[in-house]
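K.L.:
For reference, the chains in residue letters:
There are 2 protein chains.
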Amino acid sequence: MLKKHFSTLLNNKPFLLQPDNLSSKVLTINDINPKVKNAEYAVRGTVPTRALNIRAALLNGNHNYKFDKLTECNIGNPQIFGQKPISFNRQVLASVLYPELIETEIFNQDVRNRARFYSQRMKHSIGAYSDSCGHLFVRESVVKYIAQRDNHLLPPDTSDIILTDGASQGVSMVLNALISDPRDGIMIPIPQYPLYSAACTLQGASECHYYLDEDKGWQVTIEELNRSYKNSKKHGINPKILVVINPGNPTGQVLSYKTIEQMIEFAYNNRMIIFADEVYQDNVYTDKKYFYSFKKVRSELSKPYNDVELFSFHSTSKGLLGECGLRGGYIELCNIDEKVKEQIIKLRSMFLCSNTIGQCMTELMCNPPTLINSSQETTEQYQKEKNDLYNSLKRRAEIMTDKLNKMTNIECQEVEGAMYAFPRIHLNKKIIEEAQKRKMEPDLFYCLNVLENTGIVIIPGSGFRQKDDTYHFRITTLILPEEYQMQQLDVFSQFNDEFHRQYN
Amino acid sequence: MLKKHFSTLLNNKPFLLQPDNLSSKVLTINDINPKVKNAEYAVRGTVPTRALNIRAALLNGNHNYKFDKLTECNIGNPQIFGQKPISFNRQVLASVLYPELIETEIFNQDVRNRARFYSQRMKHSIGAYSDSCGHLFVRESVVKYIAQRDNHLLPPDTSDIILTDGASQGVSMVLNALISDPRDGIMIPIPQYPLYSAACTLQGASECHYYLDEDKGWQVTIEELNRSYKNSKKHGINPKILVVINPGNPTGQVLSYKTIEQMIEFAYNNRMIIFADEVYQDNVYTDKKYFYSFKKVRSELSKPYNDVELFSFHSTSKGLLGECGLRGGYIELCNIDEKVKEQIIKLRSMFLCSNTIGQCMTELMCNPPTLINSSQETTEQYQKEKNDLYNSLKRRAEIMTDKLNKMTNIECQEVEGAMYAFPRIHLNKKIIEEAQKRKMEPDLFYCLNVLENTGIVIIPGSGFRQKDDTYHFRITTLILPEEYQMQQLDVFSQFNDEFHRQYN
Numbered sequence: 001m002l003k004k005h006f007s008t009l010l011n012n013k014p015f016l017l018q019p020d021n022l023s024s025k026v027l028t029i030n031d032i033n034p035k036v037k038n039a040e041y042a043v044r045g046t047v048p049t050r051a052l053n054i055r056a057a058l059l060n061g062n063h064n065y066k067f068d069k070l071t072e073c074n075i076g077n078p079q080i081f082g083q084k085p086i087s088f089n090r091q092v093l094a095s096v097l098y099p100e101l102i103e104t105e106i107f108n109q110d111v112r113n114r115a116r117f118y119s120q121r122m123k124h125s126i127g128a129y130s131d132s133c134g135h136l137f138v139r140e141s142v143v144k145y146i147a148q149r150d151n152h153l154l155p156p157d158t159s160d161i162i163l164t165d166g167a168s169q170g171v172s173m174v175l176n177a178l179i180s181d182p183r184d185g186i187m188i189p190i191p192q193y194p195l196y197s198a199a200c201t202l203q204g205a206s207e208c209h210y211y212l213d214e215d216k217g218w219q220v221t222i223e224e225l226n227r228s229y230k231n232s233k234k235h236g237i238n239p240k241i242l243v244v245i246n247p248g249n250p251t252g253q254v255l256s257y258k259t260i261e262q263m264i265e266f267a268y269n270n271r272m273i274i275f276a277d278e279v280y281q282d283n284v285y286t287d288k289k290y291f292y293s294f295k296k297v298r299s300e301l302s303k304p305y306n307d308v309e310l311f312s313f314h315s316t317s318k319g320l321l322g323e324c325g326l327r328g329g330y331i332e333l334c335n336i337d338e339k340v341k342e343q344i345i346k347l348r349s350m351f352l353c354s355n356t357i358g359q360c361m362t363e364l365m366c367n368p369p370t371l372i373n374s375s376q377e378t379t380e381q382y383q384k385e386k387n388d389l390y391n392s393l394k395r396r397a398e399i400m401t402d403k404l405n406k407m408t409n410i411e412c413q414e415v416e417g418a419m420y421a422f423p424r425i426h427l428n429k430k431i432i433e434e435a436q437k438r439k440m441e442p443d444l445f446y447c448l449n450v451l452e453n454t455g456i457v458i459i460p461g462s463g464f465r466q467k468d469d470t471y472h473f474r475i476t477t478l479i480l481p482e483e484y485q486m487q488q489l490d491v492f493s494q495f496n497d498e499f500h501r502q503y504n
Numbered sequence: 001m002l003k004k005h006f007s008t009l010l011n012n013k014p015f016l017l018q019p020d021n022l023s024s025k026v027l028t029i030n031d032i033n034p035k036v037k038n039a040e041y042a043v044r045g046t047v048p049t050r051a052l053n054i055r056a057a058l059l060n061g062n063h064n065y066k067f068d069k070l071t072e073c074n075i076g077n078p079q080i081f082g083q084k085p086i087s088f089n090r091q092v093l094a095s096v097l098y099p100e101l102i103e104t105e106i107f108n109q110d111v112r113n114r115a116r117f118y119s120q121r122m123k124h125s126i127g128a129y130s131d132s133c134g135h136l137f138v139r140e141s142v143v144k145y146i147a148q149r150d151n152h153l154l155p156p157d158t159s160d161i162i163l164t165d166g167a168s169q170g171v172s173m174v175l176n177a178l179i180s181d182p183r184d185g186i187m188i189p190i191p192q193y194p195l196y197s198a199a200c201t202l203q204g205a206s207e208c209h210y211y212l213d214e215d216k217g218w219q220v221t222i223e224e225l226n227r228s229y230k231n232s233k234k235h236g237i238n239p240k241i242l243v244v245i246n247p248g249n250p251t252g253q254v255l256s257y258k259t260i261e262q263m264i265e266f267a268y269n270n271r272m273i274i275f276a277d278e279v280y281q282d283n284v285y286t287d288k289k290y291f292y293s294f295k296k297v298r299s300e301l302s303k304p305y306n307d308v309e310l311f312s313f314h315s316t317s318k319g320l321l322g323e324c325g326l327r328g329g330y331i332e333l334c335n336i337d338e339k340v341k342e343q344i345i346k347l348r349s350m351f352l353c354s355n356t357i358g359q360c361m362t363e364l365m366c367n368p369p370t371l372i373n374s375s376q377e378t379t380e381q382y383q384k385e386k387n388d389l390y391n392s393l394k395r396r397a398e399i400m401t402d403k404l405n406k407m408t409n410i411e412c413q414e415v416e417g418a419m420y421a422f423p424r425i426h427l428n429k430k431i432i433e434e435a436q437k438r439k440m441e442p443d444l445f446y447c448l449n450v451l452e453n454t455g456i457v458i459i460p461g462s463g464f465r466q467k468d469d470t471y472h473f474r475i476t477t478l479i480l481p482e483e484y485q486m487q488q489l490d491v492f493s494q495f496n497d498e499f500h501r502q503y504n
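Residue numbers (the UniProt record's numbering), protein chains in the order written: chain Z, 1 to 504; chain B, 1 to 504.
So that you can see chain Z by itself, here it is in the shape it has in the complex:
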């Protein structure tokens, strides 16, 4: 044993002496898949990592911070701020996990009926694997939900639905199946949710950027889609997938019917398929806009545009449920070739199935209590909780836009939907130079300063990509209680003033 150890030291590899190789580990960073190494995921990047350290310091009390807790605006995580889950949903899930509750009178008849129905359809075993694509009764409800949402136009079949642990898993899984060549291009909106750029890098595809028009409230324009497409083609890239996030993340815009129509025609004309990230479909706050699913608009178009191939992603993490931790969601496959579908399902089956609590939450999202399936009391209670939540989300989105627009050097487009503002921040030369001295992006420098001085965790726009020489940050609109949101925005505003004064 000793001999072996010495021989390692002597055979021309004096690893204990070389600074690059101080670690004698077998597995080093040089072994890591370069696609993984190159993938960036800002939502949990530099700022949140620094925030974790600050949180630890705050917890053990040994610190000089001017705040005693963090305000975690880096992620759309409603319940971290104390958003209450809808009680009907949780009562049903509790009963499914412990079916003896169904036989007691603790919960009302509607809860018990629902839980009993789930238990029967799962053969009394929420703890068993479901079919790879998820329990059939959940997929049946997803189908009905989509049919109703889209005026029963070309409704899906249960075989078109795959249940997932949240939408990210679905997006990543389908991309894994569809990318076969580094020249395969994925058109992603800029700014984008960083899952898309990260997944692109991971799968070794080419990112093709189309810029959202900030001055037009972050809308998509067909001219920009065409520019991006032609530019990609010029560089030998073959755009294959058009990603759209509606309502927008991080940008909060809601797409018009007309824009969606044009995007579908664009995809058809260029033999592309569409990835519609529609996880914020229930989060529209403006009275001037309405959520139209890509599936619905596509169904209302005439031949051949209504044939466009489409994947739509949804999740229980957003909307009015905000059940992020339970990881529920689905993929809808529209007009996807059967052999392609088989491959995606095979990939799904390698991880057995999505978690069954998330599956049941998906059923609850798609099939809420109504007068058809529940008593008036249950329906009204559910509606009340939902309306209160919606009104509060809407108020907070409006306050966020309003307050941000009153801050020095900050301009913010209206948050029409989703859960974030993505304001532009004008940073002067001095700030930019200061950041460059520290070898960081100017918006990262700004966000780190906000964090250290206020405890508010926001993500620099560079993590979402942005037009050159513009700077932004993403901040969630979810802070609760509402008075606390007001208060924190005032703290933020004061610091922002100071910051700009300091570098004037």
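Don't take each hint at face value.
Any copy will do: because identical chains look the same in the list, a pair fits if it lies in one copy or spans two.
[As the list claims (entries may be wrong)] Within a straight-line C-alpha distance of at most 27 Å, the following computed DSS-like cross-link-like pairs (lysine-lysine) qualify:
hint : residue 1 : residue 2
1    : K346      : K467
2    : K35       : K233
3    : K35       : K346
4    : K35       : K341
5    : K84       : K123
If you are wondering where the hints come from, they were derived from the structure by calculation, not from laboratory data.
We have chain Z; now place chain B onto it with these hints.
P.N.:
Positioned in the frame of chain Z, the structure of chain B alone reads:
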């Protein structure tokens, strides 16, 4: 629009006329990632797919089958057979999902204390995303569990634990990070759990097979490891990861302390790291063997062998919980380079976090009620449920080995652990020719015959890989009630007799 359509038909692409292109789809099987296309996953392959069709026929009643329900032995899914979950665990989870239950007297004080503790540590939000690696309080319990299991030798730190949605996700995620070259070799036991070959193909690594010795009860031999290693090197492959499944899946063997020691030395000497799939660590049925974790044996070795780098995977799906549907599990990273760890955590963070119910189930698995943390009544009740379950699993494993060995042309090694038997079946020339006529593997032909005639779903050995010219199948030992297991094994035995008679 019409013009556009015609131009598609006219521009040298008469796709409606070419037989290969009958589908006018943009996305076809030719677009699929070849690594995905080539990946095979037998556990949900040909036989289970056929079983799904039969299940549908049984449900609508329109069939000529001799059975009225399937016996799904294709997968280790305890609760599908009616295995009862442990009540303490489910009571805690129900209370965490609906915390108002904590304030009632429905569940006992120990359940309420546990649920209250979880709620506090999660800031009352099981519906929120946790940190990427999972809630700290769960990782703390995992650390304590491992420390206790391994006699407090080199216990991990919470930063060495990543919570996952089941073990498969963990294996696949780490492999995704570690494979950077098609010549990177992964040494996998043959027969193996098909996740490994599938993940290998998906990541574009090279499979290096080491055969388990059937005649020695499917043990690992060091000679075979060396043969496999040398053979890989000869073919220009660089074995990087040694995969071990202990207790074995599909083979049910439990590795001895000595064998584990030798495997660790082998890995160290060849600069390999170890993937220890230890999800069946609580499923050892023989009195002659004991489960030793790779981590423990490694810690008891002297320098330099106790430095070997190791990933260990565990899950809430197996053991005595059998909570497959809830998707809980963890990865333990032992002596992994910090920069490598960062990359794995980044990958984990792209999918936000594992589901929080699975996380809580992991805490429950690692920190069951004992006299230290709970009342005598709770502890005894828990122990009783656990012992009943264990004894039943043990009985069923023994009955399975015994009954299979009495069947015509079948030989079965002792099921020492895990949840499956992997018997060898001797198929004569006539059967093999019959299968070849149908262009299928002989063991697939056999398993399909078993399915069509008995409703018992078993998986051909070819899906797990096996020595050339040997044939096996995997059957789970989980069938319940126990009398039904007996009865079904008799049905199976009768059919097996008939089958061999038919081709004699």
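K.L.:
With identical chains treated as interchangeable, where does the CA-CA distance between K35 and K233 reach 27 Å or less: within a copy, between copies, both, or neither?
P.N.:
both (23 Å within a copy, 25 Å between copies)
K.L.:
Checking K84 and K123: alpha-carbon separation at most 27 Å within a copy, between copies, both or neither?
P.N.:
For K84 and K123, the Cα distance is within 27 Å only across copies (12 Å; inside one copy 31 Å).
K.L.:
Using 27 Å as the alpha-carbon threshold, which applies to K35 and K341: within, between, both, or neither?
P.N.:
Both: 26 Å inside a chain and 16 Å across chains, each within 27 Å.
K.L.:
My question is about K346 and K467: at a cut-off of 27 Å on alpha-carbon distance, are they close within one copy, between copies, both, or neither?
P.N.:
between (39 Å within a copy, 25 Å between copies)
K.L.:
Regarding K35 and K346, is the shortest C-alpha distance of 27 Å or less found within a copy, between copies, in both, or in neither?
P.N.:
both (23 Å within a copy, 12 Å between copies)
Every hint from the earlier list agrees with this structure, and none is contradicted.
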